[in-house]
Amino acid sequence: MTWQGKLNKIDDYRYQIPVDYQSEAMKRFGLKMQVPGIIYTDEKMLRAITADDSPDQVANVATLPGIVEASFAMPDIHHGYGFAIGGVAAFDAETGVVSPGGVGYDINCGVRVIRTNLHIDDLKQHITKLIDTFFRNVPSGVGVGGRIKLTPSQVDDVLAGGARWAVSEGYGWPDDLEHMEENGCIEGADPSVVSKSAKKRGAPQLGSLGAGNHFLEIQQVDEIFDTTAAEAFGITEIGQVTIMVHTGSRGCGHQICTDYLDVMRRANEKYKIPLVDRELSCAPATSPEGQKYFSAMKCGANFAWANRQMITHWVRESFEQVMHLSAEKLGLHMVYDVAHNIAKLEEHEVQGRKRMLYVHRKGATRAFGPGHPVLPQRYRAVGQPVIIPGDMGSASYLLVGTETAMKQTFGSTCHGAGRRMSRRQSAKQFPVGEVLRRMEQAGIYLKAASKRGISEEAPGVYKDIDEVVEISHNSGIAQKVVRLRPVGVVKG
Amino acid sequence: MGKYEFIDHTADIAVKAYGETLGEAFAAAAEAMFDIITRGSDIQPTEEIQISVESIDIEGLLVSFLSELILRHEVNNLVLTDFRVTIEDDKHMSAAARGEKFEAKRHGHGVQVKGVSYHMMEIVEGKAGSPCHVQVLFDI
Chain U
51 MTWQGKLNKI DDYRYQIPVD YQSEAMKRFG LKMQVPGIIY TDEKMLRAIT ADDSPDQVAN
111 VATLPGIVEA SFAMPDIHHG YGFAIGGVAA FDAETGVVSP GGVGYDINCG VRVIRTNLHI
171 DDLKQHITKL IDTFFRNVPS GVGVGGRIKL TPSQVDDVLA GGARWAVSEG YGWPDDLEHM
231 EENGCIEGAD PSVVSKSAKK RGAPQLGSLG AGNHFLEIQQ VDEIFDTTAA EAFGITEIGQ
291 VTIMVHTGSR GCGHQICTDY LDVMRRANEK YKIPLVDREL SCAPATSPEG QKYFSAMKCG
351 ANFAWANRQM ITHWVRESFE QVMHLSAEKL GLHMVYDVAH NIAKLEEHEV QGRKRMLYVH
411 RKGATRAFGP GHPVLPQRYR AVGQPVIIPG DMGSASYLLV GTETAMKQTF GSTCHGAGRR
471 MSRRQSAKQF PVGEVLRRME QAGIYLKAAS KRGISEEAPG VYKDIDEVVE ISHNSGIAQK
531 VVRLRPVGVV KG
Chain E
13 MGKYEFIDHT ADIAVKAYGE TLGEAFAAAA EAMFDIITRG SDIQPTEEIQ ISVESIDIEG
73 LLVSFLSELI LRHEVNNLVL TDFRVTIEDD KHMSAAARGE KFEAKRHGHG VQVKGVSYHM
133 MEIVEGKAGS PCHVQVLFDI
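Protein chains in written order, with the working numbering: chain U, 51 to 542; chain E, 13 to 152.
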């Protein structure tokens, strides 16, 4: 099914869905777009985007009350439910809405990068042992929980304290917190608005990778595009080793989303907000339902930051076990940690006026430009580090946020490659044995919790990460800094 | 015709499940979900659970039912089969199921279901003689 709607080309990397476009669903419910849709893409990638109805999802979001400027789609946009994945939508803090669907089930699914002072030549002979040690020390896979058992009051501390809680419990270094979005703990997270179910689901899973596209990778710097920004990130040479962690809030966040989708459906009736799609369920930002969701979402986000923080601690321990040197000596410092499924209350300039907005990023990364006051001193001059994970066979990228992103996309950019093939199709097309052989040929050691995950996450099932990043770079909503190539992978 | 079939979706997995009654179709959707979670591995019916859920409409009821099962799976470490569903009205239902404790070696070959979405949802009550079906997309 190819999307047949109207698209106006703004420039080589931006296409607009005009405000008078009506999707079938909009016609059915008699609703109109309040602002245009803007898709960041190029001519080639556009064909993949219009292969399904994700542009309709971009248009549908534009019908929601209080949406500001446009409903944006990042270059890695693909079909989601309600909101497309790779979507950015900002709603006025007074007249707008908040929506769990605009964040997704895996609240604060995100990525972090830790650098080392090691060169790949010094580490080559240890990769297998390191990955096997990661695999032992960091729980992963379906139905596999964490290593620690939390009491109910500890769960509340995690939800309120995020990575700050983890560091206070001895997982990681105080310096880590400074180099994370929201310093690893978003303020205003009230554990009392999170259901017992969500806490019960989360408690045994804290400090685990999970399954699906989540991973833990050892990488080497493959190319440096911007030496000044790279130096600020602590990356100085080709071949330098980095570690990447990609996971989220596990069952805790999933349950918070489930719980509040139900709350929002009831709120939609109560506040009479017309919808083209149930997955766009939302509540006025100022309503009790809206505020409770926002606070519960923050709890989910904090859970994820604590989760990635604990994994970081075990990564450092693993390095110490294998290399017989301290993590400090090995220079295992945090570069940055970003969320790519989250809603934030942020101040942005809209047509010359400063406004408070609920910015929803679903499969999109914050990309604040140089000089932004929330950035740590280290990155103030270059801009916020943006981490874009690729598939396990190709590459990942570090970028920096830009002034263009601040002006055009509420300081947002893409988040990854995006699937282009269903899991069933991938199992047929990429048999496990062949994927393993190809990974080995590429010099990548893979350890996976499940065989099935190997075909389902095969490099070929994702869009080309280089193309996605190129569009972000060329359109100016982030600038390339470093390309990273995997050498060892733990898959959930 | 099987009790359920999988429908290809780029990022997630959708299921179309059938039954003589809507209750049977709900039960088949639950079977399908544990098929995804355990990759069709054998589930021994050694313990029985009862659940009841309510929502604002029939679609919400299906989502709440399957979400409750995910919760039982993750919190109580259960894998389930043999579902029997009684739909009282559009807003209330109860169900029983049998199953056993999750064992990574035997059941851990599938994927994790994060949530149950309303996307692509269809609930069709068959008219005389034709079966009912439900369609639901799992976020994985």
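In case anyone wonders, no lab produced these hints; they're calculated from the structure.
Don't take each hint at face value.
Unchecked claim - Listed next, the in silico DSS-like pairs over lysine-lysine satisfying Cα-Cα at most 25 Å (straight line):
#: 1; chain 1: U; residue 1: Lys-320; chain 2: E; residue 2: Lys-103
#: 2; chain 1: U; residue 1: Lys-199; chain 2: E; residue 2: Lys-117
#: 3; chain 1: E; residue 1: Lys-28; chain 2: U; residue 2: Lys-478
#: 4; chain 1: E; residue 1: Lys-15; chain 2: U; residue 2: Lys-322
#: 5; chain 1: U; residue 1: Lys-501; chain 2: E; residue 2: Lys-113
#: 6; chain 1: U; residue 1: Lys-478; chain 2: E; residue 2: Lys-15
#: 7; chain 1: E; residue 1: Lys-28; chain 2: U; residue 2: Lys-250
#: 8; chain 1: U; residue 1: Lys-199; chain 2: E; residue 2: Lys-113
#: 9; chain 1: E; residue 1: Lys-103; chain 2: U; residue 2: Lys-246
#: 10; chain 1: E; residue 1: Lys-15; chain 2: U; residue 2: Lys-250
#: 11; chain 1: U; residue 1: Lys-478; chain 2: E; residue 2: Lys-113
#: 12; chain 1: E; residue 1: Lys-117; chain 2: U; residue 2: Lys-497
#: 13; chain 1: U; residue 1: Lys-179; chain 2: E; residue 2: Lys-117
#: 14; chain 1: U; residue 1: Lys-501; chain 2: E; residue 2: Lys-117
Stated by the list, open to error - Here are some, though not all, of the chain E residues that point toward chain U, as calculated from beta-carbon distances under 10 Å:
#: 15; residue: Glu-71
#: 16; residue: Asn-89
#: 17; residue: Thr-93
#: 18; residue: Glu-134
#: 19; residue: Val-136
Where a beta carbon is used, it is the ideal one built from N, C-alpha and C, also for glycine.
Would the pair E/Lys-15 and U/Lys-322 pass a check requiring their Cα atoms to be no farther apart than 25 Å? Given that 25 Å is the threshold and the Cα spacing comes to 38 Å, the pair is violated.
If you draw a straight line from the CA of U/Lys-501 to the CA of E/Lys-117, is it 25 Å or shorter? Between U/Lys-501 and E/Lys-117 the Cα gap is close to 12 Å, so the pair holds against 25 Å.
If you draw a straight line from the CA of E/Lys-28 to the CA of U/Lys-478, is it 25 Å or shorter? holds, 21 Å
Satisfaction of hint between E/Lys-117 and U/Lys-179, Cα-Cα up to 25 Å: With a Cα-Cα distance of about 24 Å, the restraint between U/Lys-179 and E/Lys-117 holds, given a limit of 25 Å.
Answer holds if the nearest beta-carbon of chain U is closer than 10 Å to that of E/Glu-134; otherwise answer violated. Violated. Min distance 12 Å.
For a C-alpha distance cap of 25 Å, please report whether U/Lys-320 and E/Lys-103 respect it. Given pair U/Lys-320, E/Lys-103 holds - Cα atoms ~17 Å apart, limit 25 Å.
Tell me if the straight-line CA distance from E/Lys-28 to U/Lys-250 falls inside 25 Å. violated, 30 Å
Pair hint U/Lys-478 and E/Lys-113, alpha-carbon separation not exceeding 25 Å: Roughly 31 Å between the alpha carbons, so the hint for U/Lys-478 and E/Lys-113 is violated.
Holds or violated: U/Lys-501 with E/Lys-113, Cα cutoff 25 Å? The given pair, whose Cα atoms are some 22 Å apart, holds under the 25 Å limit.
Are the Cα atoms of U/Lys-199 and E/Lys-117 separated by 25 Å or less? holds, 22 Å
Does the interface hint hold: is E/Glu-71 within less than 10 Å of chain U, judged Cβ to Cβ? holds, 7 Å
So if I understand the rule, the pair passes when the alpha-carbon distance is 25 Å or less; does E/Lys-15 with U/Lys-250 pass? Given that 25 Å is the threshold and the Cα spacing comes to 32 Å, the pair is violated.
Checked against the numbered hints listed earlier, the structure breaks hints 4, 7, 10, 11, 17, 18 and 19; every other hint is satisfied.
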